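2 protein chains.
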Amino acid sequence: MLALVNGPPPRVVRDHPRPHRGPGDARIRVRLAGVCDTDLQLAAGYMGFRGVLGHELVGEVVESAGAWAIGTRVVADINAGCGACEDCRARGGHHCATRTVLGILGRDGALAEELVMPERCLVPVPDALCDERAVFAEPLAAALHVLDALDALDAPDAADRGRAGPVVVLGDGKLGLLVVHALRSAGLAVRLVGHHEDKLALGRALGATSVLEHELGPHPERARAVVEATGSPGGLALALRLLEPRGTLVLKTTTAGPASADLAPIVVHELRVVGSRCGDIARAVATLATGAVDPSALVAARYPLARADEALAHAARRGVLKVLVEP
Amino acid sequence: MLALVNGPPPRVVRDHPRPHRGPGDARIRVRLAGVCDTDLQLAAGYMGFRGVLGHELVGEVVESAGAWAIGTRVVADINAGCGACEDCRARGGHHCATRTVLGILGRDGALAEELVMPERCLVPVPDALCDERAVFAEPLAAALHVLDALDALDAPDAADRGRAGPVVVLGDGKLGLLVVHALRSAGLAVRLVGHHEDKLALGRALGATSVLEHELGPHPERARAVVEATGSPGGLALALRLLEPRGTLVLKTTTAGPASADLAPIVVHELRVVGSRCGDIARAVATLATGAVDPSALVAARYPLARADEALAHAARRGVLKVLVEP
Chain H
1 MLALVNGPPP RVVRDHPRPH RGPGDARIRV RLAGVCDTDL QLAAGYMGFR GVLGHELVGE
61 VVESAGAWAI GTRVVADINA GCGACEDCRA RGGHHCATRT VLGILGRDGA LAEELVMPER
121 CLVPVPDALC DERAVFAEPL AAALHVLDAL DALDAPDAAD RGRAGPVVVL GDGKLGLLVV
181 HALRSAGLAV RLVGHHEDKL ALGRALGATS VLEHELGPHP ERARAVVEAT GSPGGLALAL
241 RLLEPRGTLV LKTTTAGPAS ADLAPIVVHE LRVVGSRCGD IARAVATLAT GAVDPSALVA
301 ARYPLARADE ALAHAARRGV LKVLVEP
Chain X
1 MLALVNGPPP RVVRDHPRPH RGPGDARIRV RLAGVCDTDL QLAAGYMGFR GVLGHELVGE
61 VVESAGAWAI GTRVVADINA GCGACEDCRA RGGHHCATRT VLGILGRDGA LAEELVMPER
121 CLVPVPDALC DERAVFAEPL AAALHVLDAL DALDAPDAAD RGRAGPVVVL GDGKLGLLVV
181 HALRSAGLAV RLVGHHEDKL ALGRALGATS VLEHELGPHP ERARAVVEAT GSPGGLALAL
241 RLLEPRGTLV LKTTTAGPAS ADLAPIVVHE LRVVGSRCGD IARAVATLAT GAVDPSALVA
301 ARYPLARADE ALAHAARRGV LKVLVEP
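Going line by line, the protein sequences match chains H and X.
Quick note: the first sequence uses this note's numbering, first residue 1, plus one each step.
Quick note: the second sequence uses this note's numbering, first residue 1, plus one each step.
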């Protein structure tokens, strides 16, 4: 089958073996896939991943042990845990020590004609939810997961939240804008900081206030909570500069290299920093299905799978939002 | 009066003006002071502090508006907030935006014959608590404050704590060992990681298990919670390597320069990192007074104030624990 394979040789669309379907797995024909910044990081060497890229998709089940599934349109939790350990049993397996992760760790991904995932990772897509929105389920789940981090870390001061001012989102890229969607869908005030006036305008259309990063000035207003979604190693230092004492930083960015930052503010201001990765796909589907979040304005371009390498190059250009790929 | 003044010219013990006593301030004759790694960092440029170093002390009130105080032996909360802002009113002023901090920020410190502090920052020392233990009140308060961070961040999984294994303390220096004291006084299991067999033995005497850092091996056992008290920019990377998914890292180290580390594990493993600075001095005095913590084994040397520069040089030597200075 055709697939975008991450090196070596350098990533190319080429013929690649169809993935093996094991017990409990479903085979899914990809209908539409999305390019994520993580794909660009993986292409730059992050995680040392070799295989088919891509982990944002909507597809159709074509083979499965469960008769219910055949022909069903689905999205997938990309973490395939062992199914037996405590993390898998109690918390969904996102931290299972032996998990594979679609298109990221030990499992061929979605920039292909087909993929396989354990059937238990699949979430059916309601008929009313079109492919072009459903394909956002995975990144929206990650964005909604920011709310879990804020809930957990803000708990002692939850009563303060009303007067705590807006949550600041750093980064007006596709993830940052999905985080704005997620926070706004929960009724939180949001201030979006970015580099692109046209993308800040997308945030404002969702009810956020916005500011260009270079206009923050030397003494910017401090925030109770900051979400770092810049995709850049420099985002951390800016986030630390924007936080009130005892404030909360939710980190979303993973990059291929080390970050260098003066971390003394974490100690001096007793900040709380929490990493946030994947979220609950079923919640994302429900949020999309009700129309509480409509990310279709984020779509920048569509490419056929045969040109998926061009899709990645397009997604890597400065200021480009979501690039989709159709097999 | 004689005082150890932090540059320029390079730090020297010299004659220095007696500090001005403002309204609400008490003048304190220093009886005994301690050298902290933060003093060494300040001497290396951290915070750009210029003035008298030192923030660990026990002293005697010699002038004060409050008649109760004169002649009283005291220790002090080193954060002198404005007394009026919300942080000062609700949370003790450790994060007051206009605070001064004894020997660290805008206020001459304790490596001197005298200092002044707001009377409200003072905590009387019971007669039964000798100077050599009372001088540990400030660093012990900071060590006990680690318990607050663990309480706040572990709350969702508090029921798991019993089977979560030991809290790992990184750093067998004076702060690390005080953290071991603090955690053990709260009944927690502790594993101490350090570089010095003789100091690890001090931790074992408190009931901790211990391991030399170079014996951790490539796949060390993961911990639910790690306290980073190495005083070194490299401590963070090691801490991240030792944490279980969703684990908690309490950061105590502040250094003069930036730290470089691969922060992706914070996101991938959804770690929680919390900075922890100063604690509750009254709690520390109570803990010392009951004998629940006896840090006197940490004293490595005593110097007269006239040789406080030598005291700092001694404290900076690899493996040296607490150095005390007497005016």
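Hints may contain errors.
Said to hold, decoys possible - According to the in silico footprint, chain X covers these stretches of chain H (three or more CB under 8 Å from chain X):
1. 208-217
2. 244-252
Stated by the list, open to error - From the derived model, a few chain H residues whose C-beta atoms are all more than 10 Å from chain X:
3. H20
4. E60
5. V62
6. H94
7. R120
8. S185
9. P258
10. A259
11. A261
12. A264
13. P265
14. R277
15. A301
16. R302
17. P304
Unchecked claim - FRET-style restraints, in silico, Cβ to Cβ:
18. H:A237 <-> X:R317: 28 to 38 Å
19. X:A292 <-> H:A316: 32 to 42 Å
20. H:V12 <-> X:E215: 40 to 50 Å
21. X:R241 <-> H:G319: 56 to 66 Å
Derived from the structure by calculation, the hints contain no laboratory data.
None of the values given here were measured: they were computed from a predicted structure.
We put the CB at the ideal spot given by N, CA and C, even for glycine.
Each hint, compared with the structure:
1. A stretch counts as covered by a chain when three or more of its residues have a beta carbon under 8 Å from one of that chain; for the region 208-217 of chain H and chain X the count is 0, and the coverage is violated.
2. For the region 244-252 of chain H, the assignment as covered by chain X holds, since 4 residues bring a beta-carbon within under 8 Å of that chain's beta-carbons and 3 suffice.
3. Listed as outside the interface, H:H20 is consistent with that label: its C-beta sits roughly 26 Å from the nearest C-beta of chain X, beyond the 10 Å cut-off.
4. Under the 10 Å C-beta cut-off, the non-interface status given to H:E60 relative to chain X holds; the minimum distance is some 30 Å.
5. The Cβ of H:V62 sits about 31 Å from the closest Cβ of chain X, beyond the 10 Å cut-off, so the non-interface label holds.
6. Consistency note on H:H94: stated as away from chain X, yet its beta-carbon is not over 10 Å from all of that chain's, at 8 Å minimum.
7. With a minimum CB-CB distance of about 20 Å to chain X, H:R120 clears the 10 Å threshold, and the non-interface call stands.
8. Every Cβ of chain X is farther than 10 Å from the Cβ of H:S185; the closest lies at roughly 21 Å, confirming the non-interface assignment.
9. Its beta-carbon lying about 5 Å from the closest one in chain X, H:P258 breaks the requirement of being farther than 10 Å from that chain.
10. Non-interface status of H:A259 relative to chain X is broken: a Cβ of that chain comes within 10 Å, the nearest being about 5 Å off.
11. Some Cβ of chain X comes within 10 Å of the Cβ of H:A261; the nearest lies about 6 Å off, and the non-interface call is violated.
12. Chain X draws H:A264 into its interface by the beta-carbon criterion, the shortest separation being 4 Å against a cut-off of 10 Å.
13. At the 10 Å boundary, the C-beta of H:P265 falls inside the reach of chain X, the nearest C-beta of that chain being 8 Å off.
14. Distance to chain X contradicts H:R277 as a non-interface residue, since its nearest Cβ pair spans about 6 Å, not more than 10 Å.
15. With a closest Cβ-Cβ approach of about 27 Å to chain X, H:A301 is found to remain outside the 10 Å limit, as its non-interface label requires.
16. Distance to chain X confirms H:R302 as a non-interface residue, since its nearest Cβ pair spans about 29 Å, more than 10 Å.
17. A cut-off of 10 Å between C-beta atoms confirms that H:P304 is not in contact with chain X; the least separation is 32 Å.
18. Checked against the hint of 28 to 38 Å, the pair H:A237 and X:R317 passes, with Cβ atoms roughly 33 Å apart.
19. Checked against the hint of 32 to 42 Å, the C-beta distance between X:A292 and H:A316 comes to roughly 58 Å, which is inconsistent with it.
20. Distance hint for H:V12 and X:E215: a CB-CB separation of about 46 Å, consistent with the stated range 40 to 50 Å.
21. At roughly 36 Å, the beta carbons of X:R241 and H:G319 sit outside the given window of 56 to 66 Å.
Taken one by one, the earlier hints fail for this structure at numbers 1, 6, 9, 10, 11, 12, 13, 14, 19, 21, listed in ascending order.
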